[in-house]
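Trainee: Knowing the structure of chain S, use the given hints to seat chains F, W and C on it.
Residue numbers (the numbering used here), protein chains in the order written: chain S, 117 to 384; chain F, 117 to 384; chain W, 117 to 384; chain C, 117 to 384.
Hints were generated in silico from the structure; no laboratory data involved.
Hints may contain errors.
Each pair may be met inside one copy or between any two copies, as identical chains are not told apart.
The calculated lysine to aspartate or glutamate pairs, modelled on EDC-like cross-linking and capped at a C-alpha distance of 16 Å, are [as the list claims (entries may be wrong)]:
#1 K352 x E337
#2 K251 x E221
#3 K251 x E222
#4 K185 x E222
Number of protein chains: 4
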Amino acid sequence: MSSQKAWAVVAGVGPGTGASVARRFAKQYSVALLARNPSNYEPLVKEIESAGGKAVGISTDCADGKSVKSAFEQLKKEMGGAPLAAAIYNVGGRFIRKPFLELNEEEFESGWEANGYVSLHLQAGCCLMKSSADKLFRRGGFHFSQAVLPLLLEALKGSPEHPPTLIFTSATAAMKGSALCSSFATGKFAMRALAQSLAREFGPKGVHVSHAIIDGVIDIERTKHYQFDHPDAKIKPEAIADSYWYLHTQPRTCFTNELDIRPYIEKW
Amino acid sequence: MSSQKAWAVVAGVGPGTGASVARRFAKQYSVALLARNPSNYEPLVKEIESAGGKAVGISTDCADGKSVKSAFEQLKKEMGGAPLAAAIYNVGGRFIRKPFLELNEEEFESGWEANGYVSLHLQAGCCLMKSSADKLFRRGGFHFSQAVLPLLLEALKGSPEHPPTLIFTSATAAMKGSALCSSFATGKFAMRALAQSLAREFGPKGVHVSHAIIDGVIDIERTKHYQFDHPDAKIKPEAIADSYWYLHTQPRTCFTNELDIRPYIEKW
Amino acid sequence: MSSQKAWAVVAGVGPGTGASVARRFAKQYSVALLARNPSNYEPLVKEIESAGGKAVGISTDCADGKSVKSAFEQLKKEMGGAPLAAAIYNVGGRFIRKPFLELNEEEFESGWEANGYVSLHLQAGCCLMKSSADKLFRRGGFHFSQAVLPLLLEALKGSPEHPPTLIFTSATAAMKGSALCSSFATGKFAMRALAQSLAREFGPKGVHVSHAIIDGVIDIERTKHYQFDHPDAKIKPEAIADSYWYLHTQPRTCFTNELDIRPYIEKW
Amino acid sequence: MSSQKAWAVVAGVGPGTGASVARRFAKQYSVALLARNPSNYEPLVKEIESAGGKAVGISTDCADGKSVKSAFEQLKKEMGGAPLAAAIYNVGGRFIRKPFLELNEEEFESGWEANGYVSLHLQAGCCLMKSSADKLFRRGGFHFSQAVLPLLLEALKGSPEHPPTLIFTSATAAMKGSALCSSFATGKFAMRALAQSLAREFGPKGVHVSHAIIDGVIDIERTKHYQFDHPDAKIKPEAIADSYWYLHTQPRTCFTNELDIRPYIEKW
Numbered sequence: 117m118s119s120q121k122a123w124a125v126v127a128g129v130g131p132g133t134g135a136s137v138a139r140r141f142a143k144q145y146s147v148a149l150l151a152r153n154p155s156n157y158e159p160l161v162k163e164i165e166s167a168g169g170k171a172v173g174i175s176t177d178c179a180d181g182k183s184v185k186s187a188f189e190q191l192k193k194e195m196g197g198a199p200l201a202a203a204i205y206n207v208g209g210r211f212i213r214k215p216f217l218e219l220n221e222e223e224f225e226s227g228w229e230a231n232g233y234v235s236l237h238l239q240a241g242c243c244l245m246k247s248s249a250d251k252l253f254r255r256g257g258f259h260f261s262q263a264v265l266p267l268l269l270e271a272l273k274g275s276p277e278h279p280p281t282l283i284f285t286s287a288t289a290a291m292k293g294s295a296l297c298s299s300f301a302t303g304k305f306a307m308r309a310l311a312q313s314l315a316r317e318f319g320p321k322g323v324h325v326s327h328a329i330i331d332g333v334i335d336i337e338r339t340k341h342y343q344f345d346h347p348d349a350k351i352k353p354e355a356i357a358d359s360y361w362y363l364h365t366q367p368r369t370c371f372t373n374e375l376d377i378r379p380y381i382e383k384w
Numbered sequence: 117m118s119s120q121k122a123w124a125v126v127a128g129v130g131p132g133t134g135a136s137v138a139r140r141f142a143k144q145y146s147v148a149l150l151a152r153n154p155s156n157y158e159p160l161v162k163e164i165e166s167a168g169g170k171a172v173g174i175s176t177d178c179a180d181g182k183s184v185k186s187a188f189e190q191l192k193k194e195m196g197g198a199p200l201a202a203a204i205y206n207v208g209g210r211f212i213r214k215p216f217l218e219l220n221e222e223e224f225e226s227g228w229e230a231n232g233y234v235s236l237h238l239q240a241g242c243c244l245m246k247s248s249a250d251k252l253f254r255r256g257g258f259h260f261s262q263a264v265l266p267l268l269l270e271a272l273k274g275s276p277e278h279p280p281t282l283i284f285t286s287a288t289a290a291m292k293g294s295a296l297c298s299s300f301a302t303g304k305f306a307m308r309a310l311a312q313s314l315a316r317e318f319g320p321k322g323v324h325v326s327h328a329i330i331d332g333v334i335d336i337e338r339t340k341h342y343q344f345d346h347p348d349a350k351i352k353p354e355a356i357a358d359s360y361w362y363l364h365t366q367p368r369t370c371f372t373n374e375l376d377i378r379p380y381i382e383k384w
Numbered sequence: 117m118s119s120q121k122a123w124a125v126v127a128g129v130g131p132g133t134g135a136s137v138a139r140r141f142a143k144q145y146s147v148a149l150l151a152r153n154p155s156n157y158e159p160l161v162k163e164i165e166s167a168g169g170k171a172v173g174i175s176t177d178c179a180d181g182k183s184v185k186s187a188f189e190q191l192k193k194e195m196g197g198a199p200l201a202a203a204i205y206n207v208g209g210r211f212i213r214k215p216f217l218e219l220n221e222e223e224f225e226s227g228w229e230a231n232g233y234v235s236l237h238l239q240a241g242c243c244l245m246k247s248s249a250d251k252l253f254r255r256g257g258f259h260f261s262q263a264v265l266p267l268l269l270e271a272l273k274g275s276p277e278h279p280p281t282l283i284f285t286s287a288t289a290a291m292k293g294s295a296l297c298s299s300f301a302t303g304k305f306a307m308r309a310l311a312q313s314l315a316r317e318f319g320p321k322g323v324h325v326s327h328a329i330i331d332g333v334i335d336i337e338r339t340k341h342y343q344f345d346h347p348d349a350k351i352k353p354e355a356i357a358d359s360y361w362y363l364h365t366q367p368r369t370c371f372t373n374e375l376d377i378r379p380y381i382e383k384w
Numbered sequence: 117m118s119s120q121k122a123w124a125v126v127a128g129v130g131p132g133t134g135a136s137v138a139r140r141f142a143k144q145y146s147v148a149l150l151a152r153n154p155s156n157y158e159p160l161v162k163e164i165e166s167a168g169g170k171a172v173g174i175s176t177d178c179a180d181g182k183s184v185k186s187a188f189e190q191l192k193k194e195m196g197g198a199p200l201a202a203a204i205y206n207v208g209g210r211f212i213r214k215p216f217l218e219l220n221e222e223e224f225e226s227g228w229e230a231n232g233y234v235s236l237h238l239q240a241g242c243c244l245m246k247s248s249a250d251k252l253f254r255r256g257g258f259h260f261s262q263a264v265l266p267l268l269l270e271a272l273k274g275s276p277e278h279p280p281t282l283i284f285t286s287a288t289a290a291m292k293g294s295a296l297c298s299s300f301a302t303g304k305f306a307m308r309a310l311a312q313s314l315a316r317e318f319g320p321k322g323v324h325v326s327h328a329i330i331d332g333v334i335d336i337e338r339t340k341h342y343q344f345d346h347p348d349a350k351i352k353p354e355a356i357a358d359s360y361w362y363l364h365t366q367p368r369t370c371f372t373n374e375l376d377i378r379p380y381i382e383k384w
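Bound conformation, chain S alone:
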């Protein structure tokens, strides 16, 4: 076992899943929180430090290879030789529905930065994101994976308590394309392909790669006004964090490479 406290890195730390995952992993590890906007990780860094944990926030645009490279240079200094125990890619975005023929190339490749768009329940089918789905899921997943896999492989040398772990937060759109949702689905399908390919390449080396299909509305401030007939109709981000922690603790004799998560009342 390594003599230094190991680290976990979470990319995509906002008010929901990312923050809950960071809190959960901070119980055992030092955590690095990546987000484009420091306002997304600063309160969380303070909260984790106040609770006696160790956290650093690094402003990072995962879709930009240089930004990721520079973030991990900074992170490696912070880590000072301690191992990386887990990496969670949880970068998401906000969406609007739009017919395919109304999408322009800039929207498809770069996302939509205008104000006043309407955020809709993912299940309703969405096609346009503030940042493009391809940037967020495929390209960001590529850069993040390239940055963390050498560290996760390196961690194996220290006989870690749990197998080094890389988890991708995904969605039902990774399994099924929908009308008005082409951009989101292409990004999520591509992320699933990446997760499967990496699981098959790095699993036999001892790194646990998982693809988590989150199917339902996350219970956060922004979704407070979504009304359902049943209680517990939204997924608690703390429960997702527990499931990621469970995945991380699976021994290499028993790796789960894909699981779905949905509220009991969700149709699927």
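Mentor: Only chains F, W and C this time, still in chain S's reference frame:
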């Protein structure tokens, strides 16, 4: 919360997954162990009782509706009004490969009871079982589900700590048919259909139904002679038991309905 | 090429897909029509003979191995050494929805023979059939496959114009279980497993095995009262027959093992 | 029915599938052939014209929105108001295997233009393409779809003989990620997502969108040296062309949205 210690029932208790699952759930619940042959559960009942747990064994042929009915009448007496917290359907069998056209109806419908057959790694493709795949998986799954679901629904009234849970032990053959493996695949596909249908019918009522795809050789006495180039190449049944326990503890806001489990070196 | 006119056999000949498939294959082959009730094939035999084709009807219960054996003994006499070019398993049934816990064993294993049941659109979720789904799909598929595969293999010796072909008519329920539909889904999942296993075992020998997922309401007399907002909302059975004929004509360098078929307006 | 001869457009015309598809559709339609390099379509244009058909070649880089726009401006002039009956997206590439951590961003995003790379059978797992998989499949598919869908919708007004059709040539890598093949799989998964999303958005309007999973080695000059133990082990591109033509002729009451195609001896 119920004032009485709750129960878990495990069907298919042999030397591998079933026994490990029973030991794991016996840490918190009284456990009922079902198997056709008492020699399969007797040592385990003793072991659990010696460790301070409570266990009863009931000889049951899950493929036979009357046998299941009588087993649950006995079990309900044992339970004395305590709730059923979890039910695991883990009935399996032993296989041989056989070309489709050499299968006769009796083998397809009843299985093969002769001596001296060769047991092979499931992944090699297998078509014939000591008891038929249909009896074990489809019909047994039907009778067991009909017996446990009313008890799991009843348990909801007592505000249980964890949602009442029904887990099916399955295999890769539930996802993909193989040459020389028609009987095994039809049984496992049917079991997956049953698990999905029940998850969609009983999930919204609060019962958690899961289908666990176990992909690899289980590490038990019978597979001791299987040699692999890598360590930890066989699935530890204790790790499967931990995953089932994790599934059981998921809150209803976060149900996993299907997950895969395989050793890190497994090709898939 | 064989000097004698080849045969096609269609199991499950009613007013819909089966009859259309028989008519299509009768343009090139002599056809054998199997159904339990002679009233299902008699008018069709007459119709095909009047049009200059050759057809025989044989009363057969595909779920009963003896009945299938006896039907094929009769058929072989009719064929008089001519080859079997194609076999289509199209046995279906009529359904009602029923909660899982209201199903009894007899209904699950034998089907429901009472009068006055309500037939519903398959997509609405159905669980109970006049004859059990297991009998119709898994067991019937087994007996039919065992009867036709030796004939299809035999036909290879005559250098047939098209690869000998076995097609299973299936449904969306082969891919997805539904609430209140457990019996139907278990049967269809099992049929898909059988089709995949046989494709993998008999494909390399030159026999083309296909699984056709028919997703939608068939346009027949019995569904005349189903109203849709759009024209062409029901699948024309003649179009299914054309697709089966296309599958049959694929060369062995280009086998399709699974395809879906649905009307343009169908949600999926 | 339109009074003018309708058109089909094929993107990705090389020595294999694209050329065969163009020849097949040229029997009934005027055809437009798109490829980056005119040497890929010039001989085919001559061949089709000599055979009495009508063909035009347009140099196009489908990954470049401007190039696609300009190609379709030219094409619309050629068409002179005649309808577009079918569009086939068949753009592919050549690959090498490479471990994930040896991929650099330029290779991942732009492909590899160096000389002397080794082309390998797709099934062996490949990760790097002369042009990036994302450019070829996701981005190229986007631009091509945006260009052809308005024309296919427009064609509906002329009551075409067959529903206007958009077909994507895909691969097994659209269903399953592989070690050393992350870039290819992400591109193909994304293309499948696009095809599904468009099928669900444009199907109900009457446009038939299909995703064809081609699983095996295509029988072309470049694969002549691949040796197999069995005859007909490679897919004949003419047979793929026939299957695409069959898809095109399906009426809207019977759309196939996905099918697989593989040689009889292919393992899958």
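Trainee: Hint by hint, say whether it matches the structure.
Mentor: Hints, verified against the model:
1. K352 x E337: within (12 Å within a copy, 41 Å between copies)
2. K251 x E221: both (13 Å within a copy, 13 Å between copies)
3. K251 x E222: Intra 12 Å, inter 15 Å, cutoff 16 Å: intra and inter.
4. K185 x E222: between (25 Å within a copy, 15 Å between copies)
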